[in-house]
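> Chains S and R are the protein sequences, given in the same order. All the letters of the first sequence, read from the start, carry residue numbers 5 to 294 under the numbering used here. All the letters of the second sequence, read from the start, carry residue numbers 547 to 824 under the numbering used here.
By construction, these hints were calculated from the structure, which means they are not laboratory data. Hints may contain errors.
Said to hold, decoys possible - What follows is a list of derived Cβ distance ranges for each label pair:
no., chain 1, residue 1, chain 2, residue 2, range
1, S, 117, R, 673, 26 to 34 angstroms
2, S, 195, R, 698, 47 to 55 angstroms
3, S, 30, R, 702, 33 to 41 angstroms
4, S, 280, R, 798, 49 to 57 angstroms
We put the CB at the ideal spot given by N, CA and C, even for glycine.
Residues per chain, in single letters:
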Amino acid sequence: MPDTAPSPVITIGDDAPPVVVQERRILGVAASTWPKVLMPLLVGLLSLAVWEYLVRRNGIPPYILPGPLLIAQTMVTDWGTLSGSLWITLSISLAALSVAVLLGVTLSVLFAQSKWVELSFFPYAVILQVTPIVAIAPLIIIWVNDVKLSLLICAWIVAFFPILSNTTLGLNSADHNLLNLFQLYKATRFQTLLHLRLPSALPYFLGGLKISGGLSLIGAVVAEFVAGTGGNQSGLAYRILESGYQLRIPRMFAALFMISISGIVIFLCLSMLSHLVLRRWHESALKREN
Amino acid sequence: MTVLASSDAAAVRPDGQVARPVVRCRGVAKLFSNGTLALQNVDLDVGRHQFVSLLGPSGCGKSTLLRLIAGLGEASAGTIDWPDAQHDVSGVALPRLSFVFQEPTLMPWASAIRNVMLPLKLAGTPAEEARARAAEALRMVGLAAFENAYPRELSGGMKMRVSIARALVTRPEVLLMDEPFAALDEITRFKLNNDLLELWHASNFTVVFVTHSVFESVFLSQRIVTMAARPGRVIADMDVSAPYPRAVDYRTSPLYNAHCKRASEALERAMGHAIEAH
Ligand SMILES: Nc1ncnc2c1ncn2[C@@H]1O[C@H](COP(=O)(O)OP(=O)(O)OP(=O)(O)O)[C@@H](O)[C@H]1O
Ligand SMILES: [Mg+2]
């Protein structure tokens with residue numbers, strides 16, 4: 005066993021309880037997780053430092069490329085407007101993601117009930133997926149009077165498919181021997197769904213969720229670019245457009261930064277969720293120990 | 547036959563039929579949709595409390611027969627009845643049986659005890675009772691300390707024992723086992739063999755045990771049914787007369803050797819049949 009990753013559980017003999025060796029913890033976090041957090045942070049800080057250095061040394065004007073310090077400063081001074089927009093963009097993406105989860109899971113459960121339902125409807129779900137959102141966003145904005153609602157629909161269209169297709173795949177990939185076992189014990193359809201198909205689908209669903217989390221943010225931003233409507237009810241995409249017109253490039257970068265960071269935070273949260281749910285049993289969340 | 551306590555312990559008649567069988571197969575055939583004739587004209591009676599092994603080369607239809615007996619899949623011809631079992635309104639038999647698959651077949655997302663509780667949960671047993679009975683079953687297979695371990699965290703033999711505990715927790719009348727120990731090392735297999743015999747001796751359920759090991763079948767069973775392939779059919783049916791409890795000394799006894807020799811001959815004949823059929 006490598007000494008960098010001490011296994012928490014060591015078994016001796018069968019009937020005796022396992023001997024448990026606790027891993028060392030630093031500030032309440034397992035010692036082996038610290039490098040995973042620190043290394044990416046270090047890389048990030050280094051890149052920002054290089055960026056700042058290059059901007060200063062070459063005297064690049066802020067309206068071409070602002071340095072990270074100026075961007076941070078802008079973020080602080082314009083926090084009032086930007087945070088409002090951030091909130092709007094985030095709430096649209098999260099709402100779209102929630103609806104995508106709700107409809108995606110419901111629909112895939114329906115698909116799992118009968119091969120025919122799946123065969124008949126799945127192609128139409130694919131159409132949703134392959135239609136470029138920028139192409140239909142204007143239509144949706146025209147059809148739906150409410151701007152926020154139309155943005156939500158666009159973000160939902162983008163986020164919906166990965167959840168649907170992954171969950172459908174997961175529901176269909178329950179172990180056949182386990183299916184036989186359930187049949188043997190006279191499980192009802194609902195019991196099989198609840199105790200076998202849904203848990204089998206969980207890793208697939210969570211994989212889809214991770215993709216959709218990022219996509220819902222992209223969907224919300226792209227749709228707002230297309231909509232291009234202003235006012236104090238607008239999200240980060242509009243702030244970028246607006247700053248572009250007004251040549252307030254640092255602010256444009258600040259908004260861009262906030263979008264990226266939101267994306268990263270969404271991804272991290274969903275990864276964390278996935279890890280917490282799967283850590284005891286699924287290969288994807290387990291450390292390979294031998 | 548043996549010191550077995552059961553009153554109506556099945557006496558096998560020369561034609562392989564049993565006085566009052568738990569399950570009776572008559573002319574069973576299975577034709578798969580790809581045209582493989584996996585079983586043809588199989589007659590098999592299994593007596594109450596009997597420990598029967600199905601022995602045969604790979605591909606002779608042992609698993610297929612066992613699954614048909616379990617009601618997984620339909621026979622293409624013939625009948626499988628359960629004379630003494632309860633029947634539902636449409637006349638389908640509801641024997642109380644359990645199946646141990648060749649692989650442990652555990653739910654990876656559930657702890658050992660939750661896996662064992664599954665059959666009870668599906669039958670609507672109250673959670674508390676189910677938990678107590680599952681804990682008892684795990685204790686019986688020597689895994690009391692591993693109730694909360696996930697399948698991932700158990701060794702191959704331990705997983706198999708969880709699977710056996712899950713089969714036993716419903717207190718089945720018939721236990722169907724499909725090469726349950728095939729993937730295990732010899733020491734574990736011997737231990738599980740002994741444990742299984744002890745359990746069977748104590749609770750007297752009926753066992754149909756599929757194996758391709760002559761030694762295992764002779765050690766465990768009262769009766770060995772040998773099957774040949776292409777098409778799958780029964781070619782020999784022998785009694786293994788040796789008293790229970792059987793332990794290590796039985797494995798080294800001349801009687802054991804004699805039985806092994808007979809069973810090997812039957813198995814060789816089964817292989818010969820298969821080769822002729824080519
Ligand atoms: N689902 C299936 N479709 C088509 N043919 C099958 C199917 N399952 C089994 N067979 C065929 O039926 C025959 C018997 O298979 P079975 O699994 O019952 O053999 P077995 O005696 O259990 O062999 P083993 O000892 O290797 O497990 C084989 O020839 C196999 O190819
Ligand atoms: Mg088999």
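> Taking each numbered hint in turn, which are not upheld by the structure, reported in ascending numerical order?
Violated: hint 2 alone.
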